[in-house]
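Undergrad: Residue-level listing of the chains:
2 protein chains.
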Amino acid sequence: MIDHATFVGEAVRRLRAEVPGTAIVAASGGIDSTVAALLAEKALGERARAIFVDHGLLRAGEVERVREYFRASELRFEVVSAADRFFSALDGVVDPEEKRRRIGAAFIRLFEAEAERFGTDRLVQGTIAPDWIESGGALRDTIKTHHNVGGIPADSRLTLVEPLRDLYKDEVRAVARYLGTPVADRQPFPGPGLAVRVIGPVTPDRVRRARVANAIVEEEVERAVAAGQLGRPWQYFAVLLPTRSVGVLGDNRVHGEAVSVRVVESVDAMTATAMAVPRAVLARIAERTTRELSGEVVRVLYDVTDKPPATIEWE
Amino acid sequence: MIDHATFVGEAVRRLRAEVPGTAIVAASGGIDSTVAALLAEKALGERARAIFVDHGLLRAGEVERVREYFRASELRFEVVSAADRFFSALDGVVDPEEKRRRIGAAFIRLFEAEAERFGTDRLVQGTIAPDWIESGGALRDTIKTHHNVGGIPADSRLTLVEPLRDLYKDEVRAVARYLGTPVADRQPFPGPGLAVRVIGPVTPDRVRRARVANAIVEEEVERAVAAGQLGRPWQYFAVLLPTRSVGVLGDNRVHGEAVSVRVVESVDAMTATAMAVPRAVLARIAERTTRELSGEVVRVLYDVTDKPPATIEWE
Chain A
43 MIDHATFVGE
53 AVRRLRAEVP
63 GTAIVAASGG
73 IDSTVAALLA
83 EKALGERARA
93 IFVDHGLLRA
103 GEVERVREYF
113 RASELRFEVV
123 SAADRFFSAL
133 DGVVDPEEKR
143 RRIGAAFIRL
153 FEAEAERFGT
163 DRLVQGTIAP
173 DWIESGGALR
183 DTIKTHHNVG
193 GIPADSRLTL
203 VEPLRDLYKD
213 EVRAVARYLG
223 TPVADRQPFP
233 GPGLAVRVIG
243 PVTPDRVRRA
253 RVANAIVEEE
263 VERAVAAGQL
273 GRPWQYFAVL
283 LPTRSVGVLG
293 DNRVHGEAVS
303 VRVVESVDAM
313 TATAMAVPRA
323 VLARIAERTT
333 RELSGEVVRV
343 LYDVTDKPPA
353 TIEWE
Chain B
43 MIDHATFVGE
53 AVRRLRAEVP
63 GTAIVAASGG
73 IDSTVAALLA
83 EKALGERARA
93 IFVDHGLLRA
103 GEVERVREYF
113 RASELRFEVV
123 SAADRFFSAL
133 DGVVDPEEKR
143 RRIGAAFIRL
153 FEAEAERFGT
163 DRLVQGTIAP
173 DWIESGGALR
183 DTIKTHHNVG
193 GIPADSRLTL
203 VEPLRDLYKD
213 EVRAVARYLG
223 TPVADRQPFP
233 GPGLAVRVIG
243 PVTPDRVRRA
253 RVANAIVEEE
263 VERAVAAGQL
273 GRPWQYFAVL
283 LPTRSVGVLG
293 DNRVHGEAVS
303 VRVVESVDAM
313 TATAMAVPRA
323 VLARIAERTT
333 RELSGEVVRV
343 LYDVTDKPPA
353 TIEWE
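Read top to bottom, the protein sequences are chains A and B. Per the numbering used here, residue 43 is the first one in the first sequence, and the count goes up by one each step. Per the numbering used here, residue 43 is the first one in the second sequence, and the count goes up by one each step.
With the rest of the complex left out, here is chain A (with noise of 0.2 angstroms):
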């Protein structure tokens, strides 16, 4: 492990040396952005800015609690809300590789008029090790495209700088612990939003219903982490499924979606296990996305697969 506060200095050095004028930071509110957002205004004050997109597939009080945290790490940053032009961009999209792609490619269009607003070309992203290894780096297979990764066409205006680039999800937390930033402990949430979490077309309905049930497991598990009835796992979330099977409401019986809940421990991402969750604390979870979600979701499933042999995101 690095020491932090070289780390630190090293970044800064580094940010002022690619960056000679103002930059633009690409702050998703997750943790490897909002350190590559603190290490940019560290390096270069105002003459950086955060830019945190409302894309619309964002979980439940995300806005506000992203606004509070940057508020509390004393960030400059804008909120850009954009959920219709997301929404148009994904339209009658099923393909989760297409998915990324159009909001990568949503993303870089947003970033550059911001960029040209702010009189600049440079982008600050919070890209981490495992995204680029995973994403094609040296002989692997491209594991998944990250959105935040590759994602610039070559003829684009922009230029990336990427200050954790060499650093492993471990790392970052650690230089974030150090740098005092709430974020340190908050679990990894995905570029794409809940666009990875809606398996299937993504609209504005369906993410609706991602929105509840994530909300819904992340309540769940908190509390039972709270009560010490499970450790605390390194990512929780659910994802809504296309699949119809069928349900009794009353007398009646409707066809409904299934949710799919993951709660995984990992180190590093890049292994991963599924968590023995109480039956209790699975059984409230299905009792309540399947009320609050009366008629829509009719079946909740607890993924118990470890990565290898499936990866923790489903798309």
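For the record, the hints were derived by calculation from the structure and aren't laboratory data. Check each hint, because a few of them may be wrong.
[Claimed, not checked] Negatives, chain A to chain B, calculated, CB over 12 angstroms: (1) Asp45; (2) Ala124; (3) Ala125; (4) Arg151; (5) Glu158; (6) Pro195; (7) Glu204; (8) Arg207; (9) Arg215; (10) Pro224; (11) Asp247; (12) Arg265.
[To be verified] Here are the in silico distance ranges between beta carbons for each label pair: (13) B/Gly242 with A/Arg321: 25 to 35 angstroms; (14) B/Asp247 with A/Arg113: 53 to 63 angstroms; (15) A/Gly337 with B/Arg151: 35 to 45 angstroms; (16) B/Asp197 with A/His297: 26 to 36 angstroms.
[To be verified] So, partial list: chain A residues that the calculated Cβ filter (under 10 angstroms) puts toward chain B: (17) Pro284; (18) Val290; (19) Val296; (20) Gly298; (21) Ser302; (22) Thr315; (23) Ala328; (24) Arg333; (25) Pro350; (26) Pro351.
Ideal Cβ positions, reconstructed from N, Cα and C, are used throughout, including at glycine.
Guided by the hints, dock chain B onto chain A, whose structure is given.
TA: Chain B alone, transformed into the frame defined by chain A:
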């Protein structure tokens, strides 16, 4: 609860009244139709013939197991091989109700041919009370189109004889035990077989996957029951989902299907509870399924929903 000797005497009398000549019995190897076949054998002797259809949608080893049960029960029976006919009937069908209609129609055509061969128009079926109650008896909505209810078209030459139509599942089990058949403690298996456990297109390849997954669930659950780690479930099985997700195989990524595992307690199938299967048992099921179906299935989910709001089977 009825008196078993009285019920059997009554049923034999009614069968003799309703079947003046010969009859065939639709015998799936499940408990309901086996009890119906035993009653027909008792009432009609060699005038009855049980017909077991190998529709290509059976569980691993099912044909051999059913032959053995029927021989042990001293039933007169025939096995009809018809996998090609059923796969043709299901070609391109995805809708669950349409699957059941196609399978029901294929059964009827096959039984009509068998009835003609046996010189009769009487078809004895093991319909029980929840089948017709859930299929739209009284003012209820149709919960499910049971392949063995209402599937006889108006122009058919067949007349249905249903000796168990007033019984619930626990009563059928009791009668089976009274008759001394080894199927008394078998878990229920749906008439349409693995077709309703293959969500989406029913191809020989996908049925093979569902067959492997079901065999693993049965073996591991039975092992856990024998080891005292789990009470005896009402029903336990695997469902193949068409939903693909990302997996990791060595250094490569794969897109595989998912398997949902269902293990429920119930008294009469009208309500059911998802059981608290030990984490180690689920881990073994996940490990074996993703290994024995390597690259085809990358994710295993445990269904934690009770009935209601979900049904026991998915379709």
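Undergrad: Run every hint past the structure and note whether it holds.
TA: Hint-by-hint comparison with the structure:
Against the 12 angstroms criterion, A/Asp45 stays outside the reach of chain B, whose nearest CB is about 32 angstroms from its own CB. Every CB of chain B is more than 12 angstroms from the CB of A/Ala124 (nearest about 26 angstroms), matching its label as outside the interface. For A/Ala125, the shortest C-beta to C-beta distance to chain B comes to about 26 angstroms, beyond the 12 angstroms cut-off, and the non-interface label holds. At roughly 26 angstroms from the closest C-beta of chain B, the C-beta of A/Arg151 stays outside 12 angstroms, upholding its exclusion from the interface.
A/Glu158, annotated as away from the interface, keeps every beta carbon of chain B farther than 12 angstroms; the closest lies near 35 angstroms. Listed as a non-interface residue, A/Pro195 keeps its Cβ farther than 12 angstroms from every Cβ of chain B; the least gap is roughly 23 angstroms. Residue-level check passed: A/Glu204 sits 23 angstroms from the nearest beta carbon of chain B, beyond 12 angstroms. The Cβ of A/Arg207 lies farther than 12 angstroms from every Cβ of chain B, with a closest approach of about 20 angstroms, so its non-interface assignment holds.
For A/Arg215, the requirement that its beta carbon stay farther than 12 angstroms from each beta carbon of chain B is met, with the minimum near 23 angstroms. At roughly 31 angstroms, the least C-beta separation between A/Pro224 and chain B is larger than 12 angstroms, which holds for a residue marked as non-interface. With a cut of 12 angstroms on Cβ distances, A/Asp247 stays outside the contact zone with chain B, its closest approach being about 18 angstroms. For A/Arg265, the requirement that its beta carbon stay farther than 12 angstroms from each beta carbon of chain B is met, with the minimum near 17 angstroms.
Separation of B/Gly242 from A/Arg321 is about 29 angstroms and conforms to the stated range, judged on CB atoms against 25 to 35 angstroms. For the pair B/Asp247 and A/Arg113, the beta carbons lie near 55 angstroms from each other, so the given range of 53 to 63 angstroms is met. Our hint of 35 to 45 angstroms for A/Gly337 and B/Arg151 holds, since their Cβ atoms are close to 37 angstroms apart. Evaluation of the 26 to 36 angstroms hint for B/Asp197 and A/His297 yields a pass: the beta carbon distance comes to about 30 angstroms.
Residue-level restraint check for A/Pro284 holds (minimum Cβ-Cβ distance to chain B is 7 angstroms; threshold 10 angstroms). Interface restraint check for A/Val290: the shortest CB-CB distance to chain B comes to about 4 angstroms, inside 10 angstroms, so the restraint holds. Here the hint on A/Val296 is kept, as its CB sits about 8 angstroms from the closest CB of chain B, short of 10 angstroms. A cut of 10 angstroms between beta carbons decides the hint on A/Gly298: the least distance to chain B is about 8 angstroms, and the hint holds.
This hint holds: A/Ser302 has a C-beta 6 angstroms from the nearest C-beta of chain B, less than the 10 angstroms allowed. For A/Thr315, the interface hint holds, the least distance from its beta-carbon to any beta-carbon of chain B being 9 angstroms, beneath 10 angstroms. Restraint check, A/Ala328 versus chain B: the minimum CB separation of about 5 angstroms is within 10 angstroms; hint holds. Because the closest C-beta pair between A/Arg333 and chain B is about 8 angstroms apart, less than 10 angstroms, the hint holds.
Using the Cβ-Cβ criterion of 10 angstroms, the hint placing A/Pro350 at the interface with chain B is satisfied: the shortest such distance is roughly 4 angstroms. Interface hint status for A/Pro351: upheld, as the beta-carbon distance to the closest one in chain B is roughly 4 angstroms, under 10 angstroms.
In the structure shown, no violation is registered for any of the earlier numbered hints.
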